[in-house]
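Kindly generate the complete structure, drawing on both the sequences and the hints.
Protein chains in written order, with the working numbering: chain H, 985 to 1509; chain W, 985 to 1509.
Hint data in this document are derived by calculation from the structure and do not stem from the laboratory. The model shown is predicted, which means the values in this text are computed figures rather than measured ones. You can trust all of the hints, since none of them are fake.
Note: identical chains are not told apart, hence a pair may lie in one copy or across any two.
Restricting the straight-line Cα-Cα distance to at most 30 Å, the calculated cross-link-like pairs of lysine-lysine (DSS-like) are:
#1 Lys-1150 with Lys-1256
#2 Lys-1457 with Lys-1508
#3 Lys-1256 with Lys-1011
#4 Lys-1011 with Lys-1150
#5 Lys-1508 with Lys-1345
2 protein chains.
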Amino acid sequence: MTQAMQRQEAVTIHKNEAFAAVAEQLKPRLIYRECSPKQIVHVIKNEHMIHGWQAEGVQNAEDLADLLFGKGEEVILDFGEHLVGKLAIRIVPVGSPPDAPLHLQITLGEMPVEMAEPFSEYNGWLSSSWLQEERVHLDVLPGILNLERRYSFRYLKLKVLDTSPKYKVSFEEISCTAVTSADRSALSPLIHTDPELQAIDEVSVKTLEECMQEVFEDGPKRDRRLWLGDLRLQALANYETFSGNELVKRCLYLFAAYPDERGRITANLFMKPQVIADDTYLYDYSLFFVATLHDYFLATEDLSTLEELWPSAYRQIELGLERLDERGIVTDDESWWSFIDWHPKLNKQAPSQAILIYNLKRALHLASLLGDERKDELEQVIGTLTQAAMEHLWDPESGYFISGSQRQVSYASQIWMVLAGVLVPEHGKELMLRLLDDENSAIPMSTPYMVHHFIEALIQVGERELAIRGMKKYWGQMIKDGADTFWELYDPKDKSFSPYGSPLINSYCHAWSCTPTYLIRKYKL
Amino acid sequence: MTQAMQRQEAVTIHKNEAFAAVAEQLKPRLIYRECSPKQIVHVIKNEHMIHGWQAEGVQNAEDLADLLFGKGEEVILDFGEHLVGKLAIRIVPVGSPPDAPLHLQITLGEMPVEMAEPFSEYNGWLSSSWLQEERVHLDVLPGILNLERRYSFRYLKLKVLDTSPKYKVSFEEISCTAVTSADRSALSPLIHTDPELQAIDEVSVKTLEECMQEVFEDGPKRDRRLWLGDLRLQALANYETFSGNELVKRCLYLFAAYPDERGRITANLFMKPQVIADDTYLYDYSLFFVATLHDYFLATEDLSTLEELWPSAYRQIELGLERLDERGIVTDDESWWSFIDWHPKLNKQAPSQAILIYNLKRALHLASLLGDERKDELEQVIGTLTQAAMEHLWDPESGYFISGSQRQVSYASQIWMVLAGVLVPEHGKELMLRLLDDENSAIPMSTPYMVHHFIEALIQVGERELAIRGMKKYWGQMIKDGADTFWELYDPKDKSFSPYGSPLINSYCHAWSCTPTYLIRKYKL
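This is the structure:
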């Protein structure tokens, strides 16, 4: 209890007040919608369903007001769709006047598993405080319980922990005020001839919509933060759908407003109580500021934003280059963290090299557009780094890029080298096909984030059919497994996988999984 | 879950709007006071202490802000006095920016046992919803947690259920806004030569103060309701101390405003969401409306209130008399409930007979004052009932009043017959002394409420020294056992006794236990 905790090494933030002011002015108008539960459900064991649980409708939610709940009794409601918002519950006592408070437990879940498995047994390594469960006492009944927090859910469980022997309660009215900053009226509809792609697009759009709040959040249930890696993909999906371009601009300004003393951009920002740059810096994420700005300019042609934020972007390139060793290869040691993907054994060197090249190329494009004289220098560096990659990271014998001192072969390395255009297109195609034929030897992908890049790499090498097949196998299967919104994590071979030690804590509506709508629409799949 | 619950037999309330309006206008001004914790304590096992637990100071509460708390860590604070009020806690994160909500458990207790024994193991028969424990999630830190509910406590335990590995929290500032409608500036101090009586008086006054809110509550922790039996005693203590006579008037009007269709006054009222008469009717409590009005008039000489409420009081007498059998004895059967005392085996017939006579005598006094022509009738009935009591309930052989078909001898029967003046003073004195000499054969007293009447009966028969000794043995011992305010329940021979199955749910600041200040001051003990 009295043990002091060491704060992490202090990082000094050099706030750019002007950028912060621009971001503040761009705060979006939130759009609200009133939603009601659709069904009363039972959650039953079913080993064929994801996590082993199935929600089964048993009664229309309109019947709820007629049901009475005493000590220990509970009900599970299904809102019929994933929602992000606040809850209000009108609770009426039945019996004698309530001679003791009502003690009520409220559990919210995106998935049936959250309704079925008790949170008290959660033992994962992310904080249990993310589990959406409240206990409240109501001293005065009847009354409306307005829960102050915002939840991300489809299912709601109400359990009466206690009343008194003299009364029970009924839940007369339950409503969720759903919230988003995504404007559906701006959404161009997709009418696809392939109903499976149509469905994948719809779930993607819904996923994006739920994550579009005052910023692009990574997940409305867990983290709820603005992450640069997620932002990049959300922005891409957004340009094809809601066109909430001001929100992208706001997020770019936010990141640019809170660099550290060296100009390095944080991996993520907290928005409350005020904007705070997290003390997490990821090699790849900082670099993606360049790509995100690049994509934003391509979508909007907003030159003044580009001009204003270009120095911040260029600075990420400079810092990225500082990690190069004398060979022109990103140094791999214990001191850094590059995200790339969740796989615990994944070596980050080769994919980081590729991501550096990927962003250098976008920087070069922007420098050309802006007439920045450092253009030539960038071009030269791209050449050097590409050559270094081929010389030191390409293994001609196996035909794969290798990473780290253990010469690890991973999907991530191959995919990012393809996306970075390190190989000529024909060789990129061969590499991707080799990878597909030989899938067990490489460190696999472990997140939709990585699978997105895999699909995009297939498209880039011209394998559109393989891309579509891959998308259906992954996001299409996720829908078959019950996704209303796309999940943070999904392994078709191990559907309850969680890198956090429990699927209860996984986010089932996650920004980085919303990209199929971008891939389908952008590439007209 | 869907099982319907039968409402208790419907009682129709005939609301008197005019009386309700008077009560509403008399709503007292609440007085607020800011209080801080005094010490950090450990609660340790000590079999010599009440409930086996002792709070031991370990650090000044001012040091609290320097301590950090991570997952599973907790602190117990002692405010140094019993408080009724609302809590505010300023919570500051230490470490990286909070990347997960704080999940905090807040436990409040009047006694060390509430800090030591987990509420999850509570298995008593009163609703566990009275146990003062909250679980809250804080999404934004630093922040001030303002708990909405009012608590009754001296001790506060804060336990971090979870944060995240990246941060801990400190509790920078904790304050309680204590509330009462008792005005200390109106309190006449007592300077007693006997320090033990002085201390008993002080704790009595504090108990009364804590229970004086928008009405006289029975206990600020549990029930928090206006009970007629408690009101009568609180009013008596109040006349000698805070003189909050308007509050007594308000409570009298409240009871008179919500009779049933027969004019019967409820045992208690709920105040929220609006005034509701409980569907509990107690034979003795309804009758005590007469005594309470009588005492109020003696203290205030407020004739207009007496005139206005006299019909309500008289109606209780009429209804009380309806229970008489042909012998003039209160009928004992399965259909009624007279409170008298908590002892599970106590027969209520004889004490109820005495309480009817006790209130008849006060009604007679009021009728005389008002010139009510029914005075003579009342006088005659008192004679009849007294004679009937002597004839059918007095057992000359044992020298005790007996009650019920089993001819039960109880403290309650003897005490109330003495208080009702059924015996001539000399015989009353003999009876009380006989009872004291012979304490094991009679059904004993089980609440401070009953012990109060025992002490008053001793005073009434002139045994002032025995009364003082009894008071010290009971309330004095309660103080030695750690009472800051007097407890709802106390058995010096079985200190953890609870009629509810667990001492956790007992109220440790209870209206009916506040009477020593009345006895000491009124009778100049």
